[in-house]
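Those protein sequence lines, which keep their order, are chains A and B.
To convert, note that position 11 of the first sequence is 11 in my numbering; the numbers rise steadily by one, no gaps.
To convert, note that position 31 of the second sequence is 31 in my numbering; the numbers rise steadily by one, no gaps.
Incorrect hints may have been included.
Below 27 Å or equal to it, Euclidean Cα-Cα: the simulated BS3-like pairs (lysine-lysine) are [what the hints assert, rightly or not]:
| no. | chain 1 | residue 1 | chain 2 | residue 2 |
| --- | --- | --- | --- | --- |
| 1 | B | Lys13 | B | Lys57 |
| 2 | A | Lys77 | A | Lys22 |
| 3 | A | Lys58 | A | Lys77 |
| 4 | A | Lys49 | B | Lys13 |
| 5 | A | Lys49 | B | Lys1 |
| 6 | B | Lys1 | A | Lys58 |
| 7 | A | Lys22 | A | Lys69 |
| 8 | A | Lys58 | A | Lys22 |
| 9 | A | Lys22 | A | Lys49 |
Distance ranges between label pairs, derived from CB positions [to be verified]:
| no. | chain 1 | residue 1 | chain 2 | residue 2 | range |
| --- | --- | --- | --- | --- | --- |
| 10 | A | Pro18 | B | Lys57 | 24 to 32 Å |
| 11 | A | Asp54 | B | Thr110 | 43 to 51 Å |
| 12 | A | Asn41 | B | Gly84 | 38 to 46 Å |
| 13 | B | Asn99 | A | Ser28 | 19 to 27 Å |
| 14 | A | Ser26 | B | Asn56 | 40 to 48 Å |
| 15 | A | Asp54 | B | Thr20 | 27 to 35 Å |
| 16 | A | Ile51 | B | Arg73 | 27 to 35 Å |
| 17 | A | Gln45 | B | Thr38 | 34 to 42 Å |
| 18 | B | Arg9 | A | Thr98 | 24 to 32 Å |
| 19 | B | Gly40 | A | Ile51 | 28 to 36 Å |
| 20 | A | Thr98 | B | Thr38 | 41 to 49 Å |
| 21 | A | Tyr61 | B | Asn59 | 18 to 26 Å |
The set of hints was computed from the structure by calculation and includes no laboratory data.
Ideal Cβ positions, reconstructed from N, Cα and C, are used throughout, including at glycine.
The primary structure of each chain is shown beneath.
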Amino acid sequence: AQSVAQPEDQVNVAEGNPLTVKCTYSVSGNPYLFWYVQYPNRGLQFLLKYITGDNLVKGSYGFEAEFNKSQTSFHLKKPSALVSDSALYFCAVRVDNTDKLIFGTGTRLQVFP
Amino acid sequence: KAGVTQTPRYLIKTRGQQVTLSCSPISGHRSVSWYQQTPGQGLQFLFEYFSETQRNKGNFPGRFSGRQFSNSRSEMNVSTLELGDSALYLCASMSGRHNEQFFGPGTRLTVL
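Could you put together the complete structure from these sequences and hints?
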């Protein structure tokens, strides 16, 4: 069965420093992976996806993610964090040949000035 | 293009009542999915509709139901509300299979 794990409930980083939000996955076939961000009292905003191709995926707002098949990971990264990046981040995997998404538990990112 | 819209944004009901939530997808999107978000269970898939047909269903009791209309707008209904149904209900639309889903702002349901 497909699953997604986000091992860190919270990540703290100083503004201007690089940030990484971790995600590992378990799928039975080829992984379709997504990152979403949620600001308070808002829905989820799509950041980026991996379907196939280059292992480094670039997305919105300067975020990128690195797909690593051998480590079954899809970590979200940004070279220089902004205070406005503070939010809740979700990793998700598509289930089999459906469009149902399974989400991780979320990681709260706090960027301090 | 306007994004996914959901109405109402906030709702307060009492146990035993029923509720209907509405979702209007992005223009041209024919797939609509619903998710429930709670602090304890996180984000959980409810169901997905495409061309007025339910394509996938999550592990929720039969009290949760949905439908999609010919204009792709969707509604979900929860009957005999329980306290545990208090949650943020998110709707998402998608332009085609295997693409990313775009989420609405959600409906915050509180059951007293």
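The hints, checked one at a time:
Taking the CA atoms of B/Lys13 and B/Lys57, the gap is about 25 Å. The hint holds against a cut of 27 Å. A C-alpha spacing of about 9 Å is found between A/Lys77 and A/Lys22, which places the hinted pair at or below 27 Å, so the restraint holds. A distance of roughly 10 Å separates the Cα atoms of A/Lys58 and A/Lys77; the hinted pair therefore holds under the 27 Å criterion. With a CA separation close to 37 Å, the supplied pair A/Lys49 and B/Lys13 exceeds the 27 Å bound.
A hinted pair counts as satisfied when its Cα atoms are at most 27 Å apart, and A/Lys49 with B/Lys1 qualifies at roughly 21 Å. For the proposed pair B/Lys1 and A/Lys58, the alpha carbon gap of about 23 Å is at most 27 Å, so the pair holds. With a C-alpha separation of about 14 Å, the suggested pairing of A/Lys22 with A/Lys69 holds against the 27 Å cut-off. Proximity of A/Lys58 to A/Lys22 is assessed by CA-CA distance (about 16 Å); at most 27 Å being required, the pair is judged to hold.
Only pairs whose Cα atoms come within 27 Å are accepted, and A/Lys22 paired with A/Lys49 is accepted, the gap being roughly 15 Å. The hinted window of 24 to 32 Å between A/Pro18 and B/Lys57 is violated, with their beta carbons roughly 41 Å apart. Checked against the hint of 43 to 51 Å, the pair A/Asp54 and B/Thr110 passes, with Cβ atoms roughly 44 Å apart. Restraint check, A/Asn41 to B/Gly84: a C-beta distance of roughly 21 Å breaks the suggested window 38 to 46 Å.
Judged by the Cβ atoms, the range 19 to 27 Å given for B/Asn99 and A/Ser28 holds: they are separated by roughly 21 Å. In this structure, A/Ser26 and B/Asn56 break the distance hint of 40 to 48 Å, their C-beta atoms being roughly 19 Å apart. Hint check: A/Asp54 to B/Thr20, Cβ distance near 44 Å, so the stated range 27 to 35 Å is violated. The hint said 27 to 35 Å for the Cβ distance between A/Ile51 and B/Arg73, and at roughly 28 Å that hint holds.
Evaluation of the 34 to 42 Å hint for A/Gln45 and B/Thr38 yields a failure: the beta carbon distance comes to about 20 Å. For B/Arg9 and A/Thr98, the Cβ-Cβ distance of about 29 Å falls inside the hinted range of 24 to 32 Å, so the restraint holds. In this structure the hint that B/Gly40 and A/Ile51 lie 28 to 36 Å apart at CB holds, the actual value being about 31 Å. About 22 Å separates the C-beta atoms of A/Thr98 and B/Thr38, a value inconsistent with the hinted range of 41 to 49 Å.
For the hinted restraint 18 to 26 Å between A/Tyr61 and B/Asn59, the CB-CB distance of approximately 33 Å leaves it violated.
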